[in-house]
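So you can see what is in the structure, the chains are spelled out below.
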Amino acid sequence: MSDVRSALVRAHHHRRGVRARLAALEQEVQEQRQLNRRVAELTDVVAELLVPLARNEPAVVDEIVERYRLSI
Amino acid sequence: MTLTVEPTRLVDGTGVVVPLTATGPITVSFDGQHIWSFRPSLDGVPRPRGWFVPWPAMLRPYLDGTTRVTVLGFGNGHVYVDEEVRLGAGEGRVVVRDGRGNPLAVNKVGTLSRAFLSDDDETRSAILLGTARVLADLTEAGVPAYLNYGALLGAVRDGVMISHDCDTDVCYLSRHENPVDVVRESYRLERAMHARGWRTSRMSGGDFKVALRLPGGRTEQVDVFVAFYVEGRFFQLGNRSGSLPHDVILPLSTVELEGVTFPAPARPEAMLEFLYGAQWRVPDPSFRYLDPPDGVRRLDGWLRGFRSEQPRWHRWYATQGWSVPRRRSTFARWVHARIPREAVVADVGCGLGRDSVFFAATGHRVVSFDCVADARSRTTKRLRSRGLAPDVRKLQVNELRTVLAAGVELGLEEGPVVLYARQLLGCIDDDGRRNVWRLARMVGGSVFLELSTGSGPAQADGLLRRLDAAAVVREAEAYGARVVERTVGPEHGPLDQPDHEITRLHLTFAKETHV
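Chains R and Z, in that order, are what the protein sequence lines are.
The first sequence begins at 4 in this note's numbering and counts up one residue at a time.
The second sequence begins at 2 in this note's numbering and counts up one residue at a time.
Since no wrong hints were added, every one of them can be taken at face value.
Label pairs and their calculated CB-CB ranges:
(1) Z:R176 <-> R:A10: 51 to 61 Å
(2) R:S5 <-> Z:Q280: 52 to 62 Å
(3) Z:E178 <-> R:E29: 14 to 24 Å
(4) Z:R387 <-> R:L56: 30 to 40 Å
(5) Z:A374 <-> R:E31: 29 to 39 Å
The hints are simulated quantities; they were obtained by calculation from the structure and are not laboratory data.
We treat Cβ as the ideally placed atom computed from N, Cα and C, and that holds for glycine.
Based on the provided sequences and hints, a complete structural model is requested.
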């Protein structure tokens with residue numbers, strides 16, 4: 004009887020463990036998805052702000068940065 | 002039509018009860034103004050007395066007074082309720098209108114908006130012509146853009162706008178399949194619209210609103226939604242996803258809506274069936290989307306998450322903004338005594354600008370930041386009305402590019418910049434807070450923070466949370482902060498009410514000299 008009980012307890016813990024791992028896995032997948040927007044934002048900063056800053060004279064830095072701010 | 006009056010059921014501050022025999026869409030009006038539509042089996046719970054359908058959350062703040070509540074079966078003549086009802090403790094009539102007095106109703110996504118029903122011909126025409134211009138500009142910017150959702154439904158079904166609909170939505174089909182490219186394309190299109198003179202506001206990585214200026218000074222928004230495929234599965238913002246062949250959309254066709262020609266999906270009927278189901282030809286004001294949850298999860302993960310609480314803040318300012326004191330906070334005085342006269346004050350999370358005004362009036366150059374458009378415009382007006390030069394900018398602490406842009410610009414300021422953030426950290430999440438530290442590192446120098454700490458409930462309708470001061474300090478130190486001064490004790494709270502524990506921090510960050 005005690006063997007059955009301990010097997011049931013183990014199975015119960017296993018189920019709980021699987022559920023917890025599934026929830027954690029879903030959360031981790033969602034974290035990975037969120038990297039898409041982060042990468043897009045960083046690419047945007049490089050392409051639309053840093054590249055124009057590097058290409059132009061220091062005198063127009065303020066203008067480039069302001070233009071970028073107003074476009075986002 | 003013959004009206005059959007059924008026995009009156011309960012209407013109170015919690016919701017409406019209709020008979021269990023009520024199956025179709027049901028409409029609710031207050032003093033004759035359409036307010037809400039619902040479907041009992043979808044929105045309610047069965048109780049012994051009938052379906053109990055709770056008031057939508059967005060409507061509840063308005064339920065304070067007396068009104069004639071009329072609950073009708075849509076299109077079948079049943080009158081379930083038609084009586085004077087007192088809701089809440091208010092003395093007057095219940096008023097569900099916007100700041101300009103326009104009637105509002107609960108729309109199909111559960112928020113309040115103005116319905117076309119209440120618009121005159123001139124306004125409807127301006128909305129339609131403006132929407133056509135938006136579509137033309139998107140097409141010129143290089144994407145196949147088409148009319149969609151309620152406006153498409155109205156065009157195909159009757160050739161006129163649907164009276165209970167509240168906006169026009171347009172979509173474009175992206176050729177990209179990677180969410181990174183989808184987001185970047187949406188950024189590019191927003192810039193293209195800017196360059197054509199439109200005002201826009203970003204809602205997610207895949208949609209932005211374009212503001213239409215209408216006669217009488219009113220503004221209406223057109224949503225620009227992306228549609229795209231990922232590994233053969235179709236996604237379209239709002240939250241739609243599923244199986245939809247390419248040839249339903251391309252090549253585009255045209256539809257007529259109230260005399261205006263619009264680009265439309267190749268097979269508009271198939272698009273409408275995808276959106277609204279096989280019954281799309283039958284009017285149903287209570288229609289609600291039943292989007293696949295895994296599709297919503299994907300769209301949330303790929304495109305959203307940087308402005309989750311912004312609508313609630315917008316609502317809070319609209320309904321509770323009056324409770325914000327106009328006079329400068331005691332923290333502003335505390336900080337003022339600690340900064341040099343030539344310091345530039347970056348008021349991060351400026352709210353309605355009470356402290357921006359104080360710093361500007363005491364001779365500081367002030368740059369004010371907030372994520373809520375209404376807060377920014379009220380801060381601008383307040384500074385202007387005092388003869389002070391407003392420099393009020395958007396900062397979305399969860400949108401890294403706005404943080405980086407703010408950091409670069411503040412780094413170019415001539416005087417020493419101090420970051421001033423009163424009660425900001427309690428309003429933002431972990432990611433947002435980490436971006437504040439990134440901003441502080443970019444700018445360098447002093448950072449002044451005031452936060453509600455210790456135990457106790459969140460304030461401002463749950464939007465302003467109490468924090469663990471030690472954890473905040475540890476995190477800031479991990480980002481390179483040094484604590485110059487730290488005070489803790491009873492002080493004025495966010496709205497100047499007595500607060501048992503307010504922590505004030507003066508931190509300094511060494512300016513980053515490398516990337």
